[in-house]
Amino acid sequence: MKFPSSRAWRKIAVGFLAAGLVTSAAACSTGSSAAPGAPAASQGKGTGTTDGGGALLKVFMPSTSNVYLAAASQSIKDEAKALNYTVNIVENNWDQTEQDQQVQEWLATGERAAAVLMWPAGAAAATNSIRLLSAQAPVIQFNNLVTPEASKYVTAYAGVSDTGIGKEAGANALAAVKKLKAEGVKFHGPDGKPNVVEIRFTAGYAAGDDREKAFAEATPGAFNMLAVEPTPTVDAQGGFKAASQVIPRFLGQGIDIVYAHSNDVANGVVQALEQNGLKPGKDVILITGTSSGDMSNLRGGKIWSATLQSPVIEGALVVRTAAQYIATGQVQSGDVTIESSAAKPELKVEAPHAATYMMNPQVTAENNASFDIWGLSFDKLMGK
Amino acid sequence: MSSTASIATNFIAPSQRGSVIRFVTSYTLPLLVAAVFAVAATSTPDFATFANIRAILINTSIVGIIAVAMTAITISGNFFSLGIASSTVLAGIVFLAVSGLTGSALAGLGAAVVLSVALGILQGLIVGAGLNPVITTLAVGSVTYGLVAITTKGAVVTAGSVDVAWLATWNLLEIPLPVYIFVLFTAVAWFLTEHTLIGRNTHLLGANRATARNSGISPQATTIWAFIAFGVGLGVAGALNASQLHQMQANDLAGLTMDVIAAVLVGGAAVSGGEGSPTRSALGALLIVALGNIMLLHGLDNGWRVFLVGGIVVVLVVALHVLRKVSTR
Numbered sequence: 004m005k006f007p008s009s010r011a012w013r014k015i016a017v018g019f020l021a022a023g024l025v026t027s028a029a030a031c032s033t034g035s036s037a038a039p040g041a042p043a044a045s046q047g048k049g050t051g052t053t054d055g056g057g058a059l060l061k062v063f064m065p066s067t068s069n070v071y072l073a074a075a076s077q078s079i080k081d082e083a084k085a086l087n088y089t090v091n092i093v094e095n096n097w098d099q100t101e102q103d104q105q106v107q108e109w110l111a112t113g114e115r116a117a118a119v120l121m122w123p124a125g126a127a128a129a130t131n132s133i134r135l136l137s138a139q140a141p142v143i144q145f146n147n148l149v150t151p152e153a154s155k156y157v158t159a160y161a162g163v164s165d166t167g168i169g170k171e172a173g174a175n176a177l178a179a180v181k182k183l184k185a186e187g188v189k190f191h192g193p194d195g196k197p198n199v200v201e202i203r204f205t206a207g208y209a210a211g212d213d214r215e216k217a218f219a220e221a222t223p224g225a226f227n228m229l230a231v232e233p234t235p236t237v238d239a240q241g242g243f244k245a246a247s248q249v250i251p252r253f254l255g256q257g258i259d260i261v262y263a264h265s266n267d268v269a270n271g272v273v274q275a276l277e278q279n280g281l282k283p284g285k286d287v288i289l290i291t292g293t294s295s296g297d298m299s300n301l302r303g304g305k306i307w308s309a310t311l312q313s314p315v316i317e318g319a320l321v322v323r324t325a326a327q328y329i330a331t332g333q334v335q336s337g338d339v340t341i342e343s344s345a346a347k348p349e350l351k352v353e354a355p356h357a358a359t360y361m362m363n364p365q366v367t368a369e370n371n372a373s374f375d376i377w378g379l380s381f382d383k384l385m386g387k
Numbered sequence: 532m533s534s535t536a537s538i539a540t541n542f543i544a545p546s547q548r549g550s551v552i553r554f555v556t557s558y559t560l561p562l563l564v565a566a567v568f569a570v571a572a573t574s575t576p577d578f579a580t581f582a583n584i585r586a587i588l589i590n591t592s593i594v595g596i597i598a599v600a601m602t603a604i605t606i607s608g609n610f611f612s613l614g615i616a617s618s619t620v621l622a623g624i625v626f627l628a629v630s631g632l633t634g635s636a637l638a639g640l641g642a643a644v645v646l647s648v649a650l651g652i653l654q655g656l657i658v659g660a661g662l663n664p665v666i667t668t669l670a671v672g673s674v675t676y677g678l679v680a681i682t683t684k685g686a687v688v689t690a691g692s693v694d695v696a697w698l699a700t701w702n703l704l705e706i707p708l709p710v711y712i713f714v715l716f717t718a719v720a721w722f723l724t725e726h727t728l729i730g731r732n733t734h735l736l737g738a739n740r741a742t743a744r745n746s747g748i749s750p751q752a753t754t755i756w757a758f759i760a761f762g763v764g765l766g767v768a769g770a771l772n773a774s775q776l777h778q779m780q781a782n783d784l785a786g787l788t789m790d791v792i793a794a795v796l797v798g799g800a801a802v803s804g805g806e807g808s809p810t811r812s813a814l815g816a817l818l819i820v821a822l823g824n825i826m827l828l829h830g831l832d833n834g835w836r837v838f839l840v841g842g843i844v845v846v847l848v849v850a851l852h853v854l855r856k857v858s859t860r
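For the record, the sequence lines run as chains A and B. With positions in the first sequence counted from 1, the corresponding number in this note's numbering is that position plus 3. With positions in the second sequence counted from 1, the corresponding number in this note's numbering is that position plus 531.
It cannot be assumed that every hint is accurate.
[Claimed, not checked] Label-pair distances were calculated between CB atoms; the ranges are:
no. : chain 1 : residue 1 : chain 2 : residue 2 : range
1   : A       : Ala127    : B       : Gly830    : 52 to 62 Å
2   : B       : Thr682    : A       : Gly195    : 49 to 59 Å
3   : A       : Thr340    : B       : Ser803    : 53 to 63 Å
4   : A       : Tyr208    : B       : Val846    : 22 to 32 Å
5   : B       : Glu725    : A       : Gln107    : 22 to 32 Å
6   : B       : Asp694    : A       : Lys196    : 30 to 40 Å
7   : A       : Gly195    : B       : Phe722    : 48 to 58 Å
8   : B       : Leu839    : A       : Pro151    : 25 to 35 Å
9   : A       : Glu342    : B       : Val714    : 54 to 64 Å
10  : B       : Leu632    : A       : Thr367    : 24 to 34 Å
11  : A       : Glu220    : B       : Asp694    : 33 to 43 Å
12  : A       : Gln107    : B       : Ile681    : 40 to 50 Å
13  : B       : Tyr711    : A       : Glu114    : 27 to 37 Å
14  : A       : Ala127    : B       : Phe722    : 49 to 59 Å
[Unchecked claim] Reference listing, derived: stretches of chain A covered by chain B, where coverage requires no fewer than 3 residues with Cβ under 8 Å from a Cβ of chain B:
no. : region
15  : 69-80
16  : 164-177
17  : 326-332
[As the list claims (entries may be wrong)] As a list, the in silico DSS-like pairs of lysine-lysine whose alpha-carbon atoms are at most 27 Å apart:
no. : chain 1 : residue 1 : chain 2 : residue 2
18  : A       : Lys181    : A       : Lys155
19  : A       : Lys181    : A       : Lys285
20  : A       : Lys383    : B       : Lys684
21  : A       : Lys184    : A       : Lys216
22  : B       : Lys684    : A       : Lys84
23  : A       : Lys285    : A       : Lys84
24  : A       : Lys347    : A       : Lys84
25  : A       : Lys196    : A       : Lys182
26  : A       : Lys387    : B       : Lys684
It is worth saying that the hints were derived from the structure and are not from the lab. Glycine included, C-beta positions come from ideal geometry on N, C-alpha and C.
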C-alpha cells in the first residue's frame, strides 16, 4: 500500500482543519446585517410608538443548531420586521464565556441599539455581561429566568415560565388520574395513590428545579413519589438512559405515572418502558412538560399529554416586550401570563410587565391537530 | 509475518516479575467486574433481577460498542477520537434518513456504516500522515456537527412511518438485539486485535512507533485500519441508538465522548499506546454502568453517583497505570 508524502497529507489536513473552522463558524452565526441603531428609550421617555423606525434590536442567544432556537430566532426576525425594527443576532455555542466575549466585542464597536434581547447561555454566570449591556441599552431577557443578581440590570423578562409548565403538567396529571379513577383503574401506591416516577432535567439545571417544584406544589399529597431521577442530557437519549435504569427498580412496586420534563425526554422514557414490558398510555401514564422533539408518541397515545412551549410565541413575545418598553420607557411591576387566543393580540402602546410569560396549554393526541393559537397550528407553533 | 511475530514476541517479552504483574493487569478488571456483580447480587436489593441485569446490558451496549471500536485507535498510539458524539449522531441521522427513503432499516444501517467507515478512512489518512490525532478528530467532530446542524437546521430527524425500532427491540430470550451485537462486535474485535497480523501491528505501532517502522510496519496503513474499525463501530452504534429512539438531532449524545473514553481507560488501555484490549474496554463500559446502577438501587442522589463513579474510575486508571509502569521496569 503506497501513500503520498507526509507533506502532501499535511497540506490536505490543514485545509481540512480550516474547513472545519469555517463550517463551525457558519453553524454558530446567523443574523441579518446591522443597521444604525436609534437612541435607547430612557426610563420614562418613550418614543410613543411601537414602530421601530428601523432601529436596531441586538440579540445574544445560543446556537440555532437546536430546532427550538432556530424557530425562536426566525420568529424574532419576523416580529422585528413587522414592527419595523432591524435585528442582528449573535449566537454562541451554549457557552457563557463565548457569549461574554461577544458582548464585549459588540460594546467595543460603539454600535447603538434600541434594546438588547438577551438569552444567556448560562444565566447564573451572565450577570456581568448583562450589567455591561444595560449601560448601553435596555436589556430584555428571555428564556432563562432573571437571577436575583442580574435583576437590577434587566429591564424586563419575556418568555417561557418553567413554573407555569410544571404547574400545567401537575394539573394534567391530576386530570388524568381523575379520569382513570372514574373508569375504575386502581393505582399501586399506598391508599390507592398513584406511584409516580419523575424524570427531570439535568441536576442543577434551573429549569428542572422550577418544573419539579411547581409540579409538586400543584399536586400536594396526590401522588406517592417513588423517585426523581435527573437525565444526563435533556434529550431523548438522556431520558432513555435515566428511565432504563430507574424503571426496573420499581417494577415490583408498580409504576402508574411517569412525569418527564419534556416530550423529547419522554420519547426516551417510552422506549425504556416498552423494553421493560410496560405499555405507555395503558399500563403507565406519561405526563410531560415542553412539547419538544418528535411528537409521534404523543400523537399515537403513548404520551398522555405535553405542555405547549412555543418558540414562535417566545420569539415574538420578547420583541413585542422590547417594542412596548421603547414606546413607553416604562415597566409595570408584577408579572402576567398571556392568554391563549386564536388571533394574535394587537400590540398596544403600554408599558410591559416586569415579567411576561407565555401561555402553557395542554397538548394531547386529541387536541394537537386542532390547535389554533395566534392563527397557527401546533406544528407551526413549534416552528416546523 | 513470521519476522513481525518474532519481533512482537521479543518486544513484549516480560520478566518473571513483570509477567506476574501483567497477569494482574490483564485479569484485574474481569475479576473486579465479577466481584462487583457478586457483592451487589447479595447486598443490593433488586440488583440480581432479570429486568435490572437486562437494563445494565442495554445501557452498556451502545457505549460499549464504540469503546471496543475505539480501542484499536488507542492501542495504535493515537490516543482517542474526540469527535465521537457528532460522528455517532451523523451515523444515526443517515440511518434514519436512508431507512425513511428506502423503507429498509438494513439499508439505513448499511449506509450509516459505509459513511462512518469513509469518515474513519479520512481521519486515518490525516492522522497516519503524522498530524495530531486529538486535533484531527476534534476538527472532524466539529465539521461533522456543523454539517449536521446546517443540514437539519436543528430539526428532529425520524424515519417517518418506516419501522426502524425492530433493530433495537427484536429480542431473543428477552435480551434485545443491541446486546447481542455488542457481544459479537467485542468477540470479532478481540479476534482481530489479538490473533491477526494487523492486530499485532497495531500493538507494535503503539508500543514503539520507530521500531515498528523499522520492522516494516506502515504507520499509515495500520492507523487507517484502526480508524476503519472505529468507523464500523460508530456506524453500528449510531444506527442502534437512532433505532432505539426512532429519532435523532444535532445536539444529541452530548456526554457520549467522555463515557467512551472512560470505558477505554477503565479497560486498562495505555493512553500512550501499545497496551489495551477490546474485551477489557467492553468490561470497562459494563463496570461503569453497573456501578452507577448499584448506587441508584441504594438510593444515592445523582450527584453522589457521578462523584463516586468518577472517583472509582480515577482510582482504577491510576492503579492500572502504576501496575503497568512497575511491570516494564
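Comparing the hints with the structure gives:
no., hint, verdict
1, Ala127/A with Gly830/B: 52 to 62 Å, "violated, 28 Å"
2, Thr682/B with Gly195/A: 49 to 59 Å, "holds, 51 Å"
3, Thr340/A with Ser803/B: 53 to 63 Å, "holds, 58 Å"
4, Tyr208/A with Val846/B: 22 to 32 Å, "holds, 29 Å"
5, Glu725/B with Gln107/A: 22 to 32 Å, "violated, 55 Å"
6, Asp694/B with Lys196/A: 30 to 40 Å, "holds, 37 Å"
7, Gly195/A with Phe722/B: 48 to 58 Å, "holds, 57 Å"
8, Leu839/B with Pro151/A: 25 to 35 Å, "holds, 33 Å"
9, Glu342/A with Val714/B: 54 to 64 Å, "holds, 56 Å"
10, Leu632/B with Thr367/A: 24 to 34 Å, "holds, 31 Å"
11, Glu220/A with Asp694/B: 33 to 43 Å, "holds, 41 Å"
12, Gln107/A with Ile681/B: 40 to 50 Å, "violated, 27 Å"
13, Tyr711/B with Glu114/A: 27 to 37 Å, "violated, 60 Å"
14, Ala127/A with Phe722/B: 49 to 59 Å, "holds, 50 Å"
15, 69-80, "holds (count 5)"
16, 164-177, "violated (count 0)"
17, 326-332, "violated (count 0)"
18, Lys181/A with Lys155/A, "violated, 44 Å"
19, Lys181/A with Lys285/A, "holds, 15 Å"
20, Lys383/A with Lys684/B, "holds, 15 Å"
21, Lys184/A with Lys216/A, "holds, 25 Å"
22, Lys684/B with Lys84/A, "holds, 22 Å"
23, Lys285/A with Lys84/A, "violated, 47 Å"
24, Lys347/A with Lys84/A, "holds, 16 Å"
25, Lys196/A with Lys182/A, "holds, 14 Å"
26, Lys387/A with Lys684/B, "holds, 11 Å"
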